[in-house]
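These protein sequence lines map, in sequence, to chains A and B. Counting in my numbering, the first sequence tops out at residue 295, every number present. Counting in my numbering, the second sequence tops out at residue 285, every number present.
Bear in mind the hints are in silico, worked out from the structure with no lab data behind them. Mixed in with the good hints there might be a few duds.
Computed from the model, here is a short list of chain A residues facing chain B with C-beta under 10 Å [claimed, not checked]:
1. W56
2. L59
3. P62
4. V63
5. R65
6. S66
7. G67
8. I224
9. V230
10. T231
11. S240
12. L251
13. M253
14. P256
15. G258
Pulled from the structure, derived: some chain B residues nowhere near chain A, Cβ distances all over 12 Å [as the list claims (entries may be wrong)]:
16. S49
17. A52
18. H66
19. Q74
20. I194
21. G210
22. L225
23. S241
24. P243
Residues of chain B placed beyond 10 Å of chain A at every Cβ, according to the derived structure [said to hold, decoys possible]:
25. V39
26. N68
27. R70
28. S128
29. E177
30. G188
31. G254
Each residue gets a CB set at the ideal place from its N, CA and C atoms; glycine is no exception.
What follows is each chain in one-letter form.
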Amino acid sequence: MLEGQVTIASIHERPRAGLLDFLTALGGWTASLTVAGAIGWILFDVFAQGLSNLDWRFLIEPVQRSGRAGGIGPLIVSTGLILLVCLAASVPIGLLSAILLAEFSAQGNRFVAWVRRALDVLAGVPSIVFGLFGNALFCIYLGMGFSILSGGLTLACMVLPLFIRSAEEGFRSVPGEYRLAGFALGMSRARLLFRIQLPEAAPGLAVGLILSVGRALAETAALIFTSGYVTRMPSSLADSGRSLSVHIYDLAMNVPGGGPNAYKTALVLVVLLVFINFVTTWIAKHGLHKRILSL
Amino acid sequence: MKRFKLSALVIISIMSAGLLSACNQSTADTSADNDSSAVTGKLVLAGSSTVAPLAQEIGQRFEQEHPNVRVDVQTGGSSRGISDARSGLADIGMASRALKEDERDLTAHTIALDGICVILHADNPVESLSDDQVRAIYRGQLTNWNEVGGQDAPITVVNKAEGRSTLELFLHYYGMESTEVEASVVIGDNEQGIKTVSTNPASIGYVSIGAAEFAAEDGVSIKLLPMDGVAPTTQNVRNGSFPLSRPLNLITQGDVDGLSRTFIDYAQSSEVNDLITGLYFVPTQ
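Next up, chain B with everything else stripped away, as it sits in the complex (with noise of 0.2 Å):
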């Protein structure tokens, strides 16, 4: 008796949230279909953390010019845009890397670009890293920044989390596995990283250009290293000059057209300039 009772709220309660749901969708269907403009519809982004206030920003302006179109975006990392939008569960997946060779069935069109530097603290007196330097610091062959000619002190290794397109295209650039890295400290995004590495006078860290730049120019106490000879600044990213840059792509299922084309377009369009760099990111014209 006592288990049916149970059982019996439960099924209700399930129940009712179904119906609840059903309820909900109904009349959100029926609102879209009363649209008679000629754009209208709901798009669902989801993907990179780094690219969605960005396309935020592009859907809140689109829904402006598009009074009858929902934007609606989503987070929850770069794999996550390229699943969501594989499996059909998104229209538009958002990722901040390139696409890899088992993605090739994907189309990417590419929205803006970002650059990825090196960043030390302020107080820190070394001026420039090798790519070899860097490479053993994050291997753990070197561990006193004075091998660098620095000051005597151990150096804090500030690594991003598992996932992060940031990882993956700087372990990409330096040829290393992830497994090789020797982390002191593992962040998830540009602002945890740029927050660590400025409080910590022995650290060593990576992070978006536009966001290292940003922070530096806010008086923030974090320097940036150049590459190659190549000073990490917004216009060498865009000339491609920069050697570590990535592309902020939009992903669907090989080539669309109605609604998500009409998105696509506007979002590489010059119209969406100023959100791109007000974000710290690099149009690409």
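Just chain A, with the same shape it has in the complex (with noise of 0.2 Å):
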């Protein structure tokens, strides 16, 4: 009688099972060929728009008639000035954060649980109130004015606590022994932290690195108050300079047939934000990494 059941339960279980391993596959298929379809799509779409009568002029003109006509060139060059400004001061800063972080962090330090509870609110905080923050202190207080110099320090702002975040990771991915191994050999803290952790941890590093310039590159609301709207070529800055995202938000959005350069300046970010994906991968796998055998 126990022996019946039992076979009656284990024949109605496994056809259930087979049908259970069966969705699930199908659901983790269909998820996973959506999200790879919504980027194809993307890419699609931009790549399918914007190479129509493409040419490399539009890389080098100047803005003309609202962006409806000429190039990007200026706003080429001011969306990598606000880059640059912004990864020169967050990536100091950062890093320095994150290696406080990461060493003091075993200990349960309070100021350190304090920190990090700051940096994951400033996280979720939304971009645009990032923008008028900016504003108020670099634009207004500290009388920078819309300046490439206020769009990369608040770009800077927003970025540094997704880049301090995998920054950690990238150094508690170290193993402790090196640390030990080091001092054994009379290493000083400096040198360690030159010679072994940072190289150790630039994959960590990289991908913080990546995911700020995404952000940044992407950021539209943070800079239309801080940057500002100016298609003129900078000649310092102190110049006010308009990021491509701000002139692919105003062409889609305030400008009558603005559509076509919208889409020609989309797929120009979208290279140049793979090119620098690709760039930082390789300076963090053959750069750094040699260093620790180079020793």
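Grab the two chains, each in its own frame, and use the hints to assemble them into the complex.
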């Protein structure tokens, strides 16, 4: 009797488990295909619409007729400068903070816990709030006005939490034995950091850098109020300069007939982003990692 | 000790940022001082995102004629244009509406006109709506197209976001408060409004006539509704017969002279008419 029950149960269970497996697999495939499809569709759309009559002069010519004619030369320069200011401010501060967080977190330091919570809150703040904050602090209070400097520093505030968190993960992934071995060999703390920990944490740092650059390049709301709307070629960091993403937004939303050039600009931005990703990954793999061997 | 290091770091970074900006400002100042021609200096315009592309193009042409002048245009909305002109953050504000009662301390200089019209999807059989019908639709009292002679489909009401002057003008004309509007979709700019209505056959929205006229001629599936029997065309906006239109204004603190005056005179002259019509606005003369 008991034996019979078990058999019936197992008979009933097998097809059910099979169905469940099948449904799970189907769900998984559907979900991942949807994600891949969405990305594929966006890329296809941008390339299909952007590549039509795109020529190299678009990349160097000045903006004319609100972007409906001419090119995006000055905007590429402005975007590059904003990004440089952003990285010049965020990478040193971010690296030092990440080292502090990674080194002292194990000891349950209350200050470190507080910093980490502040970073998490900061990471969730909408970018328009950073824009208004940057406008109030950098443009008005510190007197920088609408400038590439204001825009870059505002972006730095925005990407810092993101960068610090990934960099911290990078530093924590360095095995603790390396540190002990280093000290045993009589290495100084600085030497240990620059020769062992930094190169070992490079992949994590690269991820942080790529995420930061991606977020900075994609940013519109924070830049409209800080680096501004001017399409002239910037002559210094104190000049206002429109970024590529602000240009895309303006062409798509405010300029009738701006659609085709919005797509071309979007294509340039996507290619730029992929290029930066590639270069950063390559440097992290080949540039920094070799330093350990050349010790 | 740790605390000290961190605060030192913060102070150093802020100081270096301040130094950098100071350096850059001084170089910008000296370059401006060295200019020798009659009209020199830098003008900052800020405000309405509707006026910004036009002001930017006028500024570009003005810079070509006066090589020692720089015209910087910033955007952010009409309210920002008013407040920046008042606070002096901008030399000239931009607003896509007339000044209100409490803004009479400022002076408006109209450079172009813009009409607003109600748009429907091109496939919608409804050919016109009375003011009362539009009001009822936006108040949520009329919710189906079959109540105004259309097909049996619930109406999607597309409204502009708070702070947009198109919204203020629309509400003012129909005598409504923004809290009365029962919107299904809230949008920001003209192009977004056109895109939203053209992709939803049961929707109703309102945008600039110039932008809508261009989109309709370009094959986008929208149609422009007449108002009080007056056809929504740029011609009818210019001759004043179209009831729902707005001025595009440059805003200054009282009467101005010098560079601002020269620029405003230029922006109001017929020399920039091609730029105005190029953006589907209507020149004043």
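So E177 of chain B supposedly isn't at the interface. Is its beta-carbon more than 10 Å from every beta-carbon in chain A?
holds (26 Å)
Test the statement that S241 of chain B is away from the interface with chain A: the closest C-beta pair must be farther apart than 12 Å.
holds (23 Å)
Grab the minimum C-beta distance from T231 of chain A to chain B and call the hint holds if it beats 10 Å, violated otherwise.
holds (7 Å)
At 12 Å, judged by beta carbons, does I194 of chain B keep clear of chain A as stated?
For I194 of chain B, whose nearest Cβ neighbour in chain A is about 9 Å away, the distance does not exceed 12 Å, so it is violated.
Can the hint on R65 of chain A be confirmed by a CB-to-CB distance to chain B that is less than 10 Å?
At 6 Å from the nearest chain B Cβ, R65 of chain A passes the 10 Å test, so the hint holds.
If I take the minimum Cβ distance from H66 of chain B to any residue of chain A, is it greater than 12 Å?
At about 14 Å from chain A, H66 of chain B clears the 12 Å cut-off, so the statement holds.
Does the no-contact call for R70 of chain B survive, Cβ to all of chain A over 10 Å?
violated (7 Å)
Min Cβ distance, M253 of chain A to chain B: is it shorter than 10 Å?
Since chain B brings a Cβ to about 4 Å from M253 of chain A, closer than 10 Å, the hint holds.
Classify the hint on S66 of chain A as holds or violated, based on whether any CB of chain B lies nearer than 10 Å to its CB.
With Cβ-Cβ at 4 Å, under 10 Å, it holds.
When the nearest CB of chain B is found for L59 of chain A, is that gap smaller than 10 Å?
With a minimum Cβ separation of about 20 Å from chain B (threshold 10 Å), the hint on L59 of chain A is violated.
If I take the minimum Cβ distance from G210 of chain B to any residue of chain A, is it greater than 12 Å?
Since the minimum Cβ distance to chain A is about 7 Å, G210 of chain B lies within 12 Å and the statement is violated.
Restraint satisfaction for L251 of chain A [CB to CB of chain B, less than 10 Å]:
Where the cut-off is 10 Å and the nearest Cβ of chain B is about 9 Å from L251 of chain A, the hint holds.
When held up to the earlier numbered hints, the structure conflicts with 1, 2, 16, 17, 19, 20, 21, 27, 30 and fits the remainder.
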